[in-house]
Amino acid sequence: MRKRRAFAALLVASGLAIAACGGGDGGGTTGEESGGKSASSDGIVDGGTLHILDVSEGATNLDPQRIYTGADLGFLGSTIQRTLTSYKYAAGVEGSELVADLATDTGTASNDAKTWEFTLRDGVTFEDGSPIECKDIRYGVSRTWASDVTGDEGPLFALSFIDAPEDYPGPFTATEEQQAGFNEAIECSEDGKTITFNLRESVGDFNFTVALLAFGPVPEDQDTGDQYTLKPVSSGPFKIESYEQGKELVMVRNENWNKDSDPIREPHLDKIVWHFGLDETVIDERMIADEGDDQAAIVYGGIQPQNLQTIFGDDKFKDRRTDGFDGFVSYTMVNMKTVNCAEIRRAIWLALDRDALRTAGGGPFTGEYAKGFINPRLGADYEEADLPEGLNEDGTPNVEAAQAEMDKAKANPDCADAYKRATETGLTRDHADSELWQKLIAIWIDSMDKIGIKIIDNPIEPSKYYATINETPGDLMSAGWAADWNNASTVIPPLFIKDGGFAYNYTWEDPEYDAFKALVDEAKVETDREKQGDMWKELNQWLVDRVWNIPGLYTKTQNIVGSRVRNAYQWYQFGWYNVGAIGLTE
Amino acid sequence: MIYFVIRRLLFAVVLLFVVSFFTYVLFTALPTNPAALTCGKNCTPEVIARNEVRLGYDQPIHVQYGRFLKGIFAGRTYGPEGASVHCPAPALGYSFEYHECVTDLITRTFPVTLSVAIGAFVLWMGIGVGLGTLAALRRGRWQDRFATTFSVVGISLPTFFFALLAILVIVIWGGLLDFPQYTGFTENPIKWFSGLLLPWATLAILSASTYVRLTRNGILEVMNEEFVRLGLAKGVKRRTLIIKYVMRAAMVPIVTIAGLDFAALLGGAVITESVFNLPGMGKLSIRAVTDSDLPVLVATTLVAAVLIVVANAVVDILYGFLDPRVREKV
Amino acid sequence: MSTPLISIRDLHVSFHTQDGVVKAVDGVSFDVMPGETLGIVGESGSGKSVTANAIMRLNFGTQVDVSGEIIMNGKNLLEVDDDELRTLRGRQMAMVFQDPLTALNPFYTVGNQIAEAYLIHHPKATKSEVREIVLNAMVKVGIPEPTKRMDSYPHEFSGGMRQRIVIAIALVNNPQLLIADEPTTALDVTVQAQILELIGTLQEEYGSAVMLITHDLGVIAETADRVMVMYAGHAVELANVDELFETPTHPYTVGLLGSVHSLDDSSRGALQTISGTPPSLINLPTGCAFHPRCRFELGENSLCRTEAPQLHAVGKSRSACHLPESQLLQIGAKGGV
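Chains as they are written, first to last, in the numbering used here: chain A, 1 to 586; chain B, 1 to 330; chain C, 1 to 337.
Check before you lean on any hint, since a few could be wrong.
Estimated spans, in silico, between C-beta atoms of each pair [claimed, not checked]: (1) A:D260 - B:N188: 35 to 41 Å; (2) B:S194 - A:K316: 51 to 57 Å; (3) B:P253 - A:K316: 55 to 61 Å; (4) A:T310 - B:I243: 27 to 33 Å; (5) C:S67 - B:R238: 51 to 57 Å; (6) B:K237 - C:S67: 21 to 27 Å; (7) A:T49 - B:L318: 45 to 51 Å; (8) A:Q222 - B:V255: 48 to 54 Å.
With a Cα cut of at most 30 Å, we get these calculated BS3-like pairs of lysine-lysine [unchecked claim]: (9) C:K124 - B:K244; (10) A:K337 - A:K316; (11) C:K148 - B:K244; (12) B:K237 - C:K140.
It is worth saying that the hints were derived from the structure and are not from the lab. In this text, all values refer to a predicted model and were calculated from it rather than measured experimentally. A virtual CB, placed ideally from N, CA and C, is assigned to each residue, including glycine.
Here chain A stands alone, though its shape is the one from the complex (with noise of 0.2 Å):
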């Protein structure tokens, strides 16, 4: 699961983006903008300092086995944190192209992809000029264990891939015998040129996976613990030269990064100032006026809903704003245990009023009806499903559809039990609490009453919000996934297999789930990537068609950047620009 920033993951959870619940859409896409000249190098001039314009207080994490929302993935990525493989400068889908990075190719899998190879490039270093060597790497995975330090922050599946020793702790408080476990999952050569990951099972994307900061290096004498989040020792172009959490954080130029050593990064600027703390509103109104500084200025978050119109509904704006899907699909999550009747699933898609959802969560910028779980942006896995005959492509409910789908989960026997407790107990519907969802919750209550289910509001504290419906799941409840890379394999057996890792909603319930897990296990080993591609493509209309989950919106995303910034495309990948390669105007 690929997570937001705090701020962000709020906006999920609280339902603005997963509101609106449905998948039928007739007016095709909306029209995605992708910035005109800002996102082009026209006119880039070597130097300058960009500035970064944020809400938070500081950064949600620097250090690297503790990131893993996509904005910083690619922002330190592109900045200061190299990996073993990373994706292409470059916007669009082209931007999802994995390509190598501290290795001299993407890797070399061997033993049915049990066994992944990597080489490190010559003169990689460290910003104090030390070489970057395989055991830095190792050191830095091996501190994703160390839940007690790195806070079990990080991609804790890819933890499961590697063959390490089951209780392995960390490197802080690993024994001997715990950490020699540990070297023999992840070897390094004598040369320490060389470094071999050894996997419980195939992973044919492997490569893919160590693209994840978890699995950048960390040189262990320079290691500060908890605190190593503060300042992190840099590989990349840049390098942090002051942190102050609440203020800002200032990035300069590494003078010991090589770029004969890499490929991919070609930067312009001189210096990045991540300013912290700002006021929302002061930023959009910052933004729209364009003056001085802020004319090199980009927004870590997006534009204040009442902003939206002032900036699409003005051509002056055309070469510094972007609209566009930022890689989550939003659904509601169907418990299988309570809920054992496609009919009734259905029911409630049909008779759902998502046109009101939507519009009361800020109308058509806040995302598209979602026809499935893969995010269009996964152009190879993506295609629209075949959605339930009925279903309102305006997302307004067709209670008659609805209605004739409860009749039949009535007549079905296996679905007595599920219709009992839809029409008679009612269904929890979990949420986390928001001001926002006081209103979504009258409309879904409103949208079943006219098919006799009942709805019993669960508002949950937004900080526990996942952690309580991990424990207790509900009936119903909101939530949001984006794929970790390009492959829907980090979409489809994570929201559906059993200890897949969101699958919160008992789909090994379903009768049918072996079945499906056969497909997906098939799907998952697939080397051939279009064919690979056609079976998730199929699984997905699977999904749709059993309805295990209520697609909701592929959620979008509106930004502005000032007048001078270039470059500023959206990194496929992340959902955010590629600030690496972001460069100025004179």
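Using the hints provided, position chains B and C relative to the given structure of chain A.
Just chains B and C now, with coordinates in the frame of chain A:
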């Protein structure tokens, strides 16, 4: 007098212990599990339980408080063995949100708040007392009416509204000042000054309104005092009379109120710091609230409480120095 | 008769309040002779204190109109500029206030305050000189252990002692005129006598004239040479003290005397009071301000109701009453028939 000072200080120390205990207990007794905040979203109950033991949250509250106190005097080590972090005395805790010792956070944010407070204080006392005096001396004339209007308008403007308006008009539209940003005084005094101008003005307008009224009414009251007329009858010059007789008497209550207001401001001007993006104690505490960052919350509350207690003691003692009548009685 | 020390002519003092214009003093004229004690007596609100303050021009901080003439040493005090006024205040004329508890500045030592009074008018005096003067002044007003007490603050003294300090401040520059505004009203009876005695003694020693303002006829009888009786901003009678008590020549004075329980003159017998209440100074009755309360009032359409009476000679005194002289000389003598 010396006994008075000693007694007052002793009382303050006792009060501090009481305040610190209740602050600690109050926040620790909150329903949020402090250990849950030390790990991220993937937190499992086992990890939380482990952290609970590690951080000592499984201990009875008096033991926790005892450790907290001990940390203040002797320093404390946080985090797991092998990757622990030591905070030297006075250790007020370790923030797993900031990854810093809380004492460091406070010593870093306090100068910001102090800068905000001092400037605002000078400005508001200047405007408040100046305008109030003018209004009293020109009672009933346009100066008086201006001061009264200022006072009413200033007091009814919400801080955040005035702050945003000031930013919009002066910075964004007018381009007269750079966007307010905190620069250390030692770093660049001119930037320090220009960056804090708007925050000072925002805070000063509100408080000055109160002090205009306080000063005006205080002076008018003192002017009717017999001793002022005696001064006049002695042949004292008008300026001497106003300073030595009127202001001297009128300022005593104002100074004491101002002392407490100043201390409250030192606890952090939450709204002003947030709107103007000043990394001070106010912002630190508000972030601690939203993040449920308990150690920071306890520490900032405690520091604010300490400031108030100290200010109270200082004001009481000061009052003794300022007014000979009080000095004798105590 | 020698030249007056100070001559007040047609003094008007009015205050502007929210309710209207208060005519606190409405055309008062009198002289104070060098060395004499002039008593000014009247009920509260009769304008006696306002008259005293007007002479010192102590209308600081209030909106007030003062007109007429206050001539001292050939100068009209109402016309001199602030600088000159300051040289007169405290130097040629000084004032003792009613309440010694509030009259001293609580923030400075009494020594400091006495010294200040001297220094204002003797700016070149050396420290030791001033100290000598202060100690002397304190000795003269009868403060024990002056060297020790000069560094004390006002609140450390009793009311009587404080009034002595106020007197010390007033007399430290040897003024020609001392205005004492109810100097004993706030004090214990025993202390009252001491203070009056002190004022008397010092007056003799310095040769100052004293304007003693009081509502207490007993005080007047003991200390004054001449007496001016005031009612509603007007002087209604001006007489030597003996004449006033023997033969009051104004119905108001008669009533006032009647309201004093007098032990030494049984002929006046029972306590009499003046019926009615003092008039509002914003809306004074037409004609004689006293006529609504006057037992001898001449009736409708009489002068009493249409014309304000002026002070004129009645016997040895001067009275402002429309009644015929013969009748006026009788009302007092007969104790108010």
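Structure-based check of each hint:
{"no.": "1", "hint": "A:D260 - B:N188: 35 to 41 Å", "result": "holds, 39 Å"}
{"no.": "2", "hint": "B:S194 - A:K316: 51 to 57 Å", "result": "violated, 31 Å"}
{"no.": "3", "hint": "B:P253 - A:K316: 55 to 61 Å", "result": "holds, 57 Å"}
{"no.": "4", "hint": "A:T310 - B:I243: 27 to 33 Å", "result": "violated, 55 Å"}
{"no.": "5", "hint": "C:S67 - B:R238: 51 to 57 Å", "result": "violated, 22 Å"}
{"no.": "6", "hint": "B:K237 - C:S67: 21 to 27 Å", "result": "holds, 26 Å"}
{"no.": "7", "hint": "A:T49 - B:L318: 45 to 51 Å", "result": "holds, 48 Å"}
{"no.": "8", "hint": "A:Q222 - B:V255: 48 to 54 Å", "result": "holds, 53 Å"}
{"no.": "9", "hint": "C:K124 - B:K244", "result": "holds, 21 Å"}
{"no.": "10", "hint": "A:K337 - A:K316", "result": "violated, 53 Å"}
{"no.": "11", "hint": "C:K148 - B:K244", "result": "holds, 24 Å"}
{"no.": "12", "hint": "B:K237 - C:K140", "result": "holds, 27 Å"}
In summary, the numbered hints that this structure violates are 2, 4, 5, 10.
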